[in-house]
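> One-letter residues, chain by chain:
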Amino acid sequence: MAAASRTQSRWGEIALLCAICLFCVFPFYWMVTTSLKTQVVALQSPPAWLFTPTLQNYIDVLVEDRMGFALMNSMIVSVSTTALAVCLGCPAAYALARFEFRGKTDLWFWFITNRFVSPVVLAFPVFMIARETGLRDTHIALILMYLTFTLPIVIWICTDQFRSIPYDLDEAAQLEGASQWRIFRSICLPLAMPGVAVSAILSFIFAWNELLFAYILAPKAAKTAPAMAVTFMEGYSVPYGKIMATSTLIVIPVLIFALLASKHLVRGLTMGAVK
Amino acid sequence: MSTRVNRRTLLAFLGPSVFALLAVGVVPLAYAVWKSFYYFNLTKLSRSEFIGLDNYATVLTSGAFWGAMGRTAMLFITAVPIQIAIGLCIALVLHRPGLTLFKTLTRLALVLPMATTYAVVGLLAQVMMNQKYGVFNQMFGWIGIDPINIIGDPTNAFIGVVFWDIWQWTPFVALVLLAGLTTVPPEIEEAARLETKSNWIVLRHVQLPFLIPSLVAVLILRTADTLKLFDMPFTMTRGGPGNATEFIAVLIERIGNRQFDIGLAAAHAIIMLAITVVLARIYISLFYKDVR
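Protein chains in written order, with the numbering used here: chain Y, 1 to 275; chain X, 1001 to 1292.
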């Protein structure tokens, strides 16, 4: 009797878990299937669940609508800003974890506050500054602006990681006469690599997903993929298949990275407050 | 444990990142403060003039600002309680022992919505919620509901934004709460389960106290992110129909990018920043006690 009710609750639990998965995954299923529909099939009412798939939408968006170009821009910007954030952020994180200095708490607060600042606060001043310095519509403008959120991520996660490395190693190296830079480069950084990798993946995800700065600062030459996707909605006939093909192309890289860093995504989003 | 180092070493380690964040984070803010005291419209540059605090007065007395703040607050108080309720249920199910494979798969599925490009969520909403061709209305049809104009009707469009916010962020809430549940010492939970069979009592008296930090983190971060929310409503409705989904970030974008009134947009931005900094301070003081 008890065993029977236990198996019953097991099945209930499995059904519940499947429902959760379905809720999360169904929009992606719909996105991918719609991207494989011709416009005629996409405009069937009610929507078709079974149809002959075609890759025409992908060919169209990549060739005609310069989506390949936008994806390339996105890739350049996201990879560069991530690399820059890691290069600048790791030494800073090491200093915050290891050195004793005045104003450390204030500096830390300031770094963290950036997590909360909305891009819309910075976008227009930066738009004006970029206009005057000729940086408008360049990769550099976006790479630099994305530092406002990638650099704090790298600093927080890596500070945590450096703190977890035993201090004895530093002391031993100090006795050997190694400089702080040497200790950082040769001892601590290699040991902190897991944290550095996680912070790099998270930076990439946030940079790849960003829309507001891209939309305002890079209207043409440096246009990124999300900004390109927005322009599809401006027109008379809405090309559903092409929009979903574009969406699929944008979302695939970020989902792969998210699955790779799945254990750390929450930590990154809460800035380490929740382990 | 920390090392005292000389000023040059410190500067070498911290200088580059501090300089970079000053350049991209603080210089634009200073510029925004400066411009917020001017009438400064990109289409009427010759009429630019110093107007003191007038822009701030305009913001605080404008219906558009308070309307957008009201809608932002409304979104928060409708979406976040649902996210917490469903998120808590998901976390409790995942926290139960057994069925490891299913639970690992579910956890991976939960990661997907919150990593999805926010702009793409808006596009998905457009496609799936279309009155004629959308799968939502097809499903409504299965349960006998007539097709609803979701995107084109003010109330429904707002509900649509709430739905997608719930879709995207319930998994986040669930995983944060799950992390909170794992902080309950197993021996305490086991002892409690020997005393009572009621899951509710265990939740209320044993698990909830350990969940408080996670809940506070969720509330503060969701507040900050709701204030930031731009991409999804922008790609879904452009703030419309009318101004039904014009949240605060969408409003500021409209003033700056579509009305070209940089001075007024700057004043909005500074007020937003003030709210943001207060939130950040609260979050930091609660969660980073061990910085020193």
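I should point out that these hints are in silico values taken from the structure, not numbers from a laboratory.
One or more hints might be untrue.
Stated by the list, open to error - Pair by pair, the computed Cβ-Cβ distance ranges are:
{"hint": "1", "chain 1": "X", "residue 1": "THR1078", "chain 2": "Y", "residue 2": "GLN39", "range": "51 to 57 Å"}
{"hint": "2", "chain 1": "Y", "residue 1": "THR133", "chain 2": "X", "residue 2": "ALA1274", "range": "26 to 32 Å"}
{"hint": "3", "chain 1": "Y", "residue 1": "GLU64", "chain 2": "X", "residue 2": "GLY1015", "range": "32 to 38 Å"}
{"hint": "4", "chain 1": "X", "residue 1": "TRP1142", "chain 2": "Y", "residue 2": "ASP106", "range": "27 to 33 Å"}
{"hint": "5", "chain 1": "Y", "residue 1": "LYS104", "chain 2": "X", "residue 2": "VAL1277", "range": "18 to 24 Å"}
{"hint": "6", "chain 1": "Y", "residue 1": "MET75", "chain 2": "X", "residue 2": "ILE1143", "range": "39 to 45 Å"}
{"hint": "7", "chain 1": "X", "residue 1": "GLY1098", "chain 2": "Y", "residue 2": "ASP137", "range": "26 to 32 Å"}
{"hint": "8", "chain 1": "Y", "residue 1": "ARG131", "chain 2": "X", "residue 2": "THR1155", "range": "36 to 42 Å"}
{"hint": "9", "chain 1": "Y", "residue 1": "THR38", "chain 2": "X", "residue 2": "LEU1101", "range": "50 to 56 Å"}
What the hints assert, rightly or not - No farther apart than 20 Å at their CA atoms in a straight line, the calculated lysine to any residue pairs in the SDA-like style are these:
{"hint": "10", "chain 1": "X", "residue 1": "LYS1197", "chain 2": "X", "residue 2": "GLY1098"}
{"hint": "11", "chain 1": "X", "residue 1": "LYS1103", "chain 2": "Y", "residue 2": "LEU255"}
{"hint": "12", "chain 1": "Y", "residue 1": "LYS104", "chain 2": "X", "residue 2": "LYS1197"}
{"hint": "13", "chain 1": "X", "residue 1": "LYS1103", "chain 2": "Y", "residue 2": "GLN44"}
{"hint": "14", "chain 1": "Y", "residue 1": "LYS104", "chain 2": "X", "residue 2": "VAL1026"}
{"hint": "15", "chain 1": "X", "residue 1": "LYS1103", "chain 2": "Y", "residue 2": "PRO53"}
{"hint": "16", "chain 1": "X", "residue 1": "LYS1132", "chain 2": "Y", "residue 2": "LEU259"}
{"hint": "17", "chain 1": "X", "residue 1": "LYS1197", "chain 2": "X", "residue 2": "LYS1132"}
{"hint": "18", "chain 1": "Y", "residue 1": "LYS263", "chain 2": "X", "residue 2": "SER1285"}
{"hint": "19", "chain 1": "Y", "residue 1": "LYS263", "chain 2": "Y", "residue 2": "THR138"}
{"hint": "20", "chain 1": "Y", "residue 1": "LYS104", "chain 2": "X", "residue 2": "PHE1163"}
{"hint": "21", "chain 1": "X", "residue 1": "LYS1044", "chain 2": "X", "residue 2": "VAL1026"}
{"hint": "22", "chain 1": "Y", "residue 1": "LYS104", "chain 2": "X", "residue 2": "PHE1019"}
{"hint": "23", "chain 1": "Y", "residue 1": "LYS104", "chain 2": "X", "residue 2": "GLY1015"}
{"hint": "24", "chain 1": "X", "residue 1": "LYS1132", "chain 2": "Y", "residue 2": "TRP30"}
{"hint": "25", "chain 1": "Y", "residue 1": "LYS220", "chain 2": "Y", "residue 2": "LYS104"}
{"hint": "26", "chain 1": "X", "residue 1": "LYS1197", "chain 2": "Y", "residue 2": "MET128"}
{"hint": "27", "chain 1": "X", "residue 1": "LYS1103", "chain 2": "Y", "residue 2": "GLN39"}
{"hint": "28", "chain 1": "Y", "residue 1": "LYS263", "chain 2": "X", "residue 2": "LEU1108"}
Said to hold, decoys possible - Derived coverage of chain X by chain Y (criterion: at least 3 residues anywhere in the stretch with Cβ under 8 Å from a Cβ of chain Y; other residues may be distant):
{"hint": "29", "segment": "1004-1011"}
{"hint": "30", "segment": "1019-1026"}
{"hint": "31", "segment": "1058-1064"}
{"hint": "32", "segment": "1076-1083"}
{"hint": "33", "segment": "1189-1197"}
{"hint": "34", "segment": "1200-1210"}
No residue lacks a Cβ here, since even glycine has one placed at the ideal position from N, Cα and C.
> Starting from the hint 27 to 33 Å, judge whether the C-beta atoms of TRP1142/X and ASP106/Y obey it.
At roughly 58 Å between Cβ atoms, ASP106/Y and TRP1142/X fall outside 27 to 33 Å, so the hint is violated.
> Please check whether THR38/Y and LEU1101/X have a Cβ separation lying inside 50 to 56 Å.
38 Å Cβ-Cβ, so the 50 to 56 Å window is violated.
> Are LYS104/Y and LYS1197/X close enough, with their CA atoms no more than 20 Å apart?
Roughly 49 Å separates the two Cα atoms, so the pair is violated.
> Are there at least three residues in the segment 1019-1026 of chain X whose beta carbon sits under 8 Å from a beta carbon of chain Y?
holds (count 5)
> For a C-alpha distance cap of 20 Å, please report whether LYS1197/X and GLY1098/X respect it.
holds, 18 Å
> Does LYS1132/X lie within 20 Å of LYS1197/X when you go C-alpha to C-alpha?
violated, 50 Å
> Report holds or violated for chain Y covering the segment 1189-1197 of chain X, Cβ cut-off 8 Å, minimum 3 residues.
violated (count 0)
> If you look at each residue in the segment 1004-1011 of chain X, do at least three have a Cβ nearer than 8 Å to any Cβ of chain Y?
Holds: 4 residues of the segment 1004-1011 of chain X have a Cβ under 8 Å from chain Y.
> For the segment 1200-1210 of chain X, do at least 3 residues have a Cβ located nearer than 8 Å to some Cβ of chain Y?
violated (count 0)
> Quickly compare the C-alpha distance for LYS263/Y and LEU1108/X to 20 Å and report which way the hint goes.
holds, 9 Å
> Is the hinted pair LYS263/Y and THR138/Y satisfied, with a Cα-Cα distance of at most 20 Å?
Roughly 34 Å between the alpha carbons, so the hint for LYS263/Y and THR138/Y is violated.
> Take a quick look at whether LYS263/Y and SER1285/X sit within 20 Å of each other, Cα to Cα.
violated, 26 Å
When the structure is compared with the earlier hints, violations turn up for hints 1, 3, 4, 7, 9, 12, 13, 15, 16, 17, 18, 19, 20, 21, 25, 26, 27, 31, 32, 33, 34 and for no others.
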